[in-house]
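Enquirer: So you can see what is in the structure, the chains are spelled out below.
There are 2 protein chains.
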Amino acid sequence: MVLTFAAATSVQAFEKPVLIAEQGSFAAGGTVVRSDGSFNYRVPSDQSGQSLHGDHAYVFYQKPAKGHKYPLVFLHGAGQSAKTWETTPDGRDGFQNIFLGKGYSTYLIDQPRRGRAGQSTAAENISAATYDQLWFSNFRLGNWPDFFEGVQFSKNQEALNQFFRQMTPNTGAFDENIISAAVAAVFDKSGPGILVTHSQGGGPGWLAAIKNPEIRAVVAYEPGSGFIFPAGEVPEPLETTSPFGALAGREIALEDFQKLTKIPIVIYYGDNIPAVPTAEWNKDNWRVRLQMARLFADAVNRHGGDAAVVHLPEIGIKGNTHFPFSDMNNQEIAVLLEKWLHEKKLDI
Amino acid sequence: MVLTFAAATSVQAFEKPVLIAEQGSFAAGGTVVRSDGSFNYRVPSDQSGQSLHGDHAYVFYQKPAKGHKYPLVFLHGAGQSAKTWETTPDGRDGFQNIFLGKGYSTYLIDQPRRGRAGQSTAAENISAATYDQLWFSNFRLGNWPDFFEGVQFSKNQEALNQFFRQMTPNTGAFDENIISAAVAAVFDKSGPGILVTHSQGGGPGWLAAIKNPEIRAVVAYEPGSGFIFPAGEVPEPLETTSPFGALAGREIALEDFQKLTKIPIVIYYGDNIPAVPTAEWNKDNWRVRLQMARLFADAVNRHGGDAAVVHLPEIGIKGNTHFPFSDMNNQEIAVLLEKWLHEKKLDI
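So the protein lines, in turn, are chains A and B.
The first sequence maps to residues 1 to 348 in UniProt numbering.
The second sequence maps to residues 1 to 348 in UniProt numbering.
Hints listed in this document are in silico derivations from the structure and should not be mistaken for laboratory results.
Since this is a predicted model, take the numbers as computed values, not measurements.
Virtual Cβ for every residue (Gly too), placed ideally from N, Cα, C.
Incorrect hints may appear among the rest.
[Stated by the list, open to error] BS3-like, lysine-lysine: derived pairs with alpha carbons at most 25 Å apart:
| id | chain 1 | residue 1 | chain 2 | residue 2 |
| --- | --- | --- | --- | --- |
| 1 | B | 345 | B | 69 |
| 2 | A | 259 | A | 344 |
| 3 | B | 16 | B | 189 |
| 4 | A | 318 | A | 262 |
| 5 | A | 262 | A | 344 |
| 6 | B | 344 | B | 259 |
| 7 | B | 189 | A | 155 |
| 8 | B | 102 | A | 16 |
| 9 | A | 102 | B | 16 |
| 10 | B | 66 | A | 102 |
| 11 | B | 189 | B | 66 |
| 12 | B | 66 | A | 66 |
| 13 | A | 155 | A | 318 |
| 14 | B | 344 | A | 189 |
| 15 | A | 69 | B | 16 |
| 16 | A | 16 | B | 155 |
| 17 | B | 259 | A | 16 |
| 18 | B | 16 | A | 189 |
| 19 | B | 16 | B | 69 |
| 20 | A | 211 | A | 262 |
| 21 | A | 16 | B | 69 |
| 22 | A | 66 | B | 16 |
| 23 | B | 155 | B | 102 |
| 24 | A | 66 | B | 102 |
| 25 | B | 189 | A | 16 |
[As the list claims (entries may be wrong)] Here are some chain B residues pointing at chain A (derived, C-beta under 7 Å):
| id | residue |
| --- | --- |
| 26 | 53 |
| 27 | 211 |
| 28 | 294 |
If we strip away everything but chain A, and leave its shape as in the complex, we get (with noise of 0.2 Å):
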């Protein structure tokens, strides 16, 4: 066990050593709430007068050395946290390293009420449900028990392990403001970077960019909610046989919107996702996901925006499930994002 772990991590730990030139963690953004009253030092069990610091980002950061001008700064989906973007469930290198490899800085963002950014302004109760067949299924690796055919994840028992320890719950409530204050407020640590967020993540990405400019192009892997419109361009909901409910987009200011029409913006989604409505709920789950998505990005490039959906099957990218990123073909996902890069001059 011990053996086949590490020879399976080292084989694909950086092709080549990195040299890096600074690293290091803080967290961004939040808030603090305090107790009425004053406090008691002889009282400490009393809360009256005491503070709570919470609802921040905890952000773990690389910068290699003679690296390009812009970070990538992470954002997870529903459910995980920056351990997403790291080593892959069946041990290969993650976007983290692939791009550092690439000579990328990277800043990995647990969201506040998430991981190492735990500590919440508002109460929770944590279930130990039982959903690993759930999010199997949705996370589009199979209809559980059957994988799909030709999905680009490891059949090794230990890789689908790996994959279910990779969940960690909210420990408040799930909030896109709250969200993408904080993500705005990383940027104003990292300074001008690029976005790139995954699944619920979305959403909050898509408000973070509009409120920091620094935020200079969003890559979005398959946004799961948070589709937002111009007032009055909202479309109708899309229906679903998901479990998760109908989609519905939601309203912005056209001002805001307009924010996200300046800068470049690019969204992936995998494999396994059909065209038309069909009864296998994971799969139309994401059907009216990449219809919401195709519509989101239509109405950014009707106000004068640059926005892209890439759905790679369509380009001969077949077999990923909802995490392109870090499926087995994520050297080849990497690869297409760096030629975005490049093509919008952001590789400086």
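Chain B: place on chain A using the hints.
Expert: Chain B in isolation, oriented as in the chain A frame:
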């Protein structure tokens, strides 16, 4: 603000760039629970037959090129995550960077039910209780709102902000057996190495060393609970004015305790810990812990082991809080550890 922070981190991060040969993350240990019944793909919101993977540790590791043989494996304390070993609250290098710079591989653990290892098999209520001032005092920065005279903690307001935001809640009950099992599993992956614990991590640390002989030494900063003794040798509980109550030792089998006599152990405590009882509850809380640590070391040595307790002010190192490894003099604290590792031939 941006510039201030950037300056504070840039100046201090690595004396010179570090060549990283390999880095990554993984889950170690943990368990799987299952709901009765069988999973129905059509009704994924029904937990029947579904599983939950939880109670594992999360680990991020880095291996410098041409490093020492034994990695340092770090386990945080109560209310903390691995962040505790990263950038200090005032933006300087923590032990992660300092020891990478000295050529040690580092493994930073988020313990089960904390941080990125949040998925717990036990449900939990997270309160948003306001306790900053309690922790400020208990962690011996001072008696809120006053800092202790000469304390090794920056008076910069942002340092205190970062310090408070390091805290992150339990997502399931604290459980020494679960934590020590996961920490032991980390060493199955890291290979032989040195365990470095902080505060509440002390207890699970001793148990992990008993469970896995790959733990070749234990370094404990301010262990706060979980002191173990052989059957028949448990001291009387130590009374204190601390609201955390009297401190008791815990009995374990002699044959288990004897495993601790096979490895070198060093325990460090900082400043503002008096020798005699005091009504200052925060100081008194640590008075009994230091005393119990000495009784523990005595027991280890009585059975033929090699355990030392270093009370830093006694060797002329003044002003340390409960976090000596991130205090303003943490480079000096690191040199102290480096010397001990050399003495014990652990720096090969």
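Enquirer: Each hint needs a verdict: does it hold in this structure or not?
Expert: We went through each hint and held it up to the structure:
no.	hint	in the structure
1	345/B to 69/B	11 Å, holds
2	259/A to 344/A	17 Å, holds
3	16/B to 189/B	29 Å, violated
4	318/A to 262/A	32 Å, violated
5	262/A to 344/A	12 Å, holds
6	344/B to 259/B	17 Å, holds
7	189/B to 155/A	21 Å, holds
8	102/B to 16/A	21 Å, holds
9	102/A to 16/B	21 Å, holds
10	66/B to 102/A	22 Å, holds
11	189/B to 66/B	19 Å, holds
12	66/B to 66/A	22 Å, holds
13	155/A to 318/A	17 Å, holds
14	344/B to 189/A	42 Å, violated
15	69/A to 16/B	20 Å, holds
16	16/A to 155/B	42 Å, violated
17	259/B to 16/A	40 Å, violated
18	16/B to 189/A	22 Å, holds
19	16/B to 69/B	21 Å, holds
20	211/A to 262/A	13 Å, holds
21	16/A to 69/B	20 Å, holds
22	66/A to 16/B	13 Å, holds
23	155/B to 102/B	28 Å, violated
24	66/A to 102/B	22 Å, holds
25	189/B to 16/A	22 Å, holds
26	53	4 Å, holds
27	211	15 Å, violated
28	294	26 Å, violated
Violated hints, listed in ascending order, are 3, 4, 14, 16, 17, 23, 27 and 28; each of the other numbered hints is respected by the structure.
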